[in-house]
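> Each chain, letter by letter, is given below.
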Amino acid sequence: MNSKEYNIAVDTYSDNIYRFVLKHLRNEMSAKDIVQDTFLKVWLKHEEIQAEKVKSYLFTTAYHCIIDWINKEKRNVDFEKVSENLSEPRKLEFDVSSILDEALNRLPEIQKSVVLLRDYEGYNYAEIAEITKLNESQVKVYIFRARQALKIYLKSRELVA
Amino acid sequence: MSRIINIENYESFYLDFLERNLNENDTALLLAFLQENPSLKVDESEFDYFSFEESTQLDDFSKSVLKFQGFDQIIDAENIEYFLVASVENQLSDKKAIELQQFLIKNPSFLVDLQVYRKTQLIADSSIVYSEKNKLKRGIVIPMYARFLAAAAGIALFFSIINLNQADQPKSLAHEGGKNPVEVKSKPEVKNEVQTEWIATATAVVNDASSQKEEQRRENVSQNFQFENIEPLGFKSPQKINNQPLLNDIAIAYIKPFAAEKISDDLNESTFAAVEMKNPILPITNRIGEAINQQVEFKTSKAAKKKPGGFLFKIGKFEISRKVYDNSAVALK
Chain P
1371 MNSKEYNIAV DTYSDNIYRF VLKHLRNEMS AKDIVQDTFL KVWLKHEEIQ
1421 AEKVKSYLFT TAYHCIIDWI NKEKRNVDFE KVSENLSEPR KLEFDVSSIL
1471 DEALNRLPEI QKSVVLLRDY EGYNYAEIAE ITKLNESQVK VYIFRARQAL
1521 KIYLKSRELV A
Chain L
467 MSRIINIENY ESFYLDFLER NLNENDTALL LAFLQENPSL KVDESEFDYF
517 SFEESTQLDD FSKSVLKFQG FDQIIDAENI EYFLVASVEN QLSDKKAIEL
567 QQFLIKNPSF LVDLQVYRKT QLIADSSIVY SEKNKLKRGI VIPMYARFLA
617 AAAGIALFFS IINLNQADQP KSLAHEGGKN PVEVKSKPEV KNEVQTEWIA
667 TATAVVNDAS SQKEEQRREN VSQNFQFENI EPLGFKSPQK INNQPLLNDI
717 AIAYIKPFAA EKISDDLNES TFAAVEMKNP ILPITNRIGE AINQQVEFKT
767 SKAAKKKPGG FLFKIGKFEI SRKVYDNSAV ALK
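Line by line, the protein sequences give chains P and L.
Plus 1370 on top of the position in the first sequence (first one is 1) and you've got the working numbering.
Plus 466 on top of the position in the second sequence (first one is 1) and you've got the working numbering.
Some hints could be false.
[Unchecked claim] One-sided and incomplete, this derived list gives chain P residues near chain L with beta-carbon spacing under 7 Å:
| id | residue |
| --- | --- |
| 1 | K1411 |
| 2 | L1414 |
| 3 | K1415 |
| 4 | D1489 |
[To be verified] Pair by pair, the computed Cβ-Cβ distance ranges are:
| id | chain 1 | residue 1 | chain 2 | residue 2 | range |
| --- | --- | --- | --- | --- | --- |
| 5 | P | E1422 | L | A590 | 40 to 50 Å |
| 6 | L | P504 | P | E1418 | 25 to 35 Å |
| 7 | L | Q760 | P | I1378 | 14 to 24 Å |
| 8 | P | K1442 | L | P749 | 41 to 51 Å |
| 9 | P | E1443 | L | E544 | 32 to 42 Å |
| 10 | L | P504 | P | K1442 | 13 to 23 Å |
| 11 | L | K561 | P | D1438 | 42 to 52 Å |
| 12 | P | L1410 | L | F625 | 21 to 31 Å |
| 13 | L | K744 | P | E1500 | 46 to 56 Å |
| 14 | P | L1414 | L | D591 | 53 to 63 Å |
Keep in mind that the hints were calculated from the coordinates and are not lab data.
Heads up, the beta-carbon is just placed ideally off N, CA and C, and yes, glycines get one too.
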């Protein structure tokens, strides 16, 4: 991949990577740092990377950056805030997407990753397995379990009849 | 289940363990396995959602996922969750999708679950964009060989300018000394019997400004030398050369003292024809051009006798050149 192709990749995928990271971290500053870190790592190896595989490479790198970030931060203040919110009396909320966001944030990171890769980017199980270094059946299980958890959360919020 | 726990299957044990659904023997096996592989241990706090009200349903679902034998089995109330998710995930064959539809008609209570599953599909918010793309972008990287080439071109330009200055020097000295302006002392290749008639000089044109100066100087030279006197010899005078369209940024070096006896052999149109220039490193310049996305040219012409050869070096709109007319010696009686 030459510099021109790299710059095209920046234009094409930086928004997707940013959304993917932001959904995990819920912290704009950290998300931007990880996006920058991701592209820097890819740039350092740009001569070894084929242009047509750069998307997968970017998501793989971003995913590992997220894991590293989480290992460092562990459960930070944002997660505590979510727990506090849950302890408050339930309010009637009709914004499904915000409730879904809440539910997503309660998923284990690996489940969140596979669902985001599946829904946001439309990756198939094999591609997700490659990015997350899991096997295909593990991806399948994680996705199915994540969907189940999301469904339970939505129902628990009485958003659906 | 009493099986051997390994890296391939530990997750199913782990999930059952986290769901408090693993028997004592398997729990002991799993804990031993995790002790040997501490990196595989997952923080239990990541499984918060098990505390949801309907968490008991998840156990059945997990089992159905883990024990699921494939899409061949008949859809029933026990495995319906798996087929609902598979439907949302577009994993069902047409046949199985029809079977699911028939099942849901018979069991409408599961339709709600299907609707909720559909709502679990995440949609990216396209309004969220990364605003600092330009910081991520990289400039054009000029390969090392291109840098060497540029350095070589710079050096060549430097020496060509020095050479040209030296070529100008005798004329100015002659003017300063009040001597005949056409007489030059430093002419080692000219024998004693050769009578020096007049000398034109070499010039280098690098840009438009110097081109104008050159034009002015050439006019002065032509006036001093009274070219009308040499017209009968049958070749083009410098004025006529000047009238010809000059190649861009071409340096001209021509006319040096020469034996009058040899003139007849050399005086013809080809004497002043531009030297054909060739690119000796065409693959390299092509590759540089592709890398930096600019037109890159490097051409040289053969040196004529004791005069240096010309060159042309061009990157995009930037161009440096020096060109020498072949057999650049003309002398007159």
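> Now tell me if each hint is right for this structure.
Quick rundown of the hints versus the structure:
1. K1411: Violated. Min distance 12 Å.
2. L1414: It is violated, given that the least Cβ distance between L1414/P and chain L is near 11 Å, above 7 Å.
3. K1415: 13 Å, violated
4. D1489: Where the cut-off is 7 Å and the nearest Cβ of chain L is about 4 Å from D1489/P, the hint holds.
5. E1422/P with A590/L: 40 to 50 Å: 22 Å, violated
6. P504/L with E1418/P: 25 to 35 Å: 33 Å, holds
7. Q760/L with I1378/P: 14 to 24 Å: With a Cβ separation near 18 Å, Q760/L and I1378/P satisfy 14 to 24 Å, so the hint holds.
8. K1442/P with P749/L: 41 to 51 Å: The hint (41 to 51 Å, Cβ to Cβ) holds, given that K1442/P and P749/L are roughly 49 Å apart.
9. E1443/P with E544/L: 32 to 42 Å: 40 Å, holds
10. P504/L with K1442/P: 13 to 23 Å: 18 Å, holds
11. K561/L with D1438/P: 42 to 52 Å: 45 Å, holds
12. L1410/P with F625/L: 21 to 31 Å: 42 Å, violated
13. K744/L with E1500/P: 46 to 56 Å: About 50 Å separates the Cβ atoms of K744/L and E1500/P, which means 46 to 56 Å holds.
14. L1414/P with D591/L: 53 to 63 Å: Cβ of L1414/P to Cβ of D591/L: about 30 Å, so the range 53 to 63 Å is violated.
Hint compliance for this structure: hints 1, 2, 3, 5, 12 and 14 are broken, all remaining hints hold.
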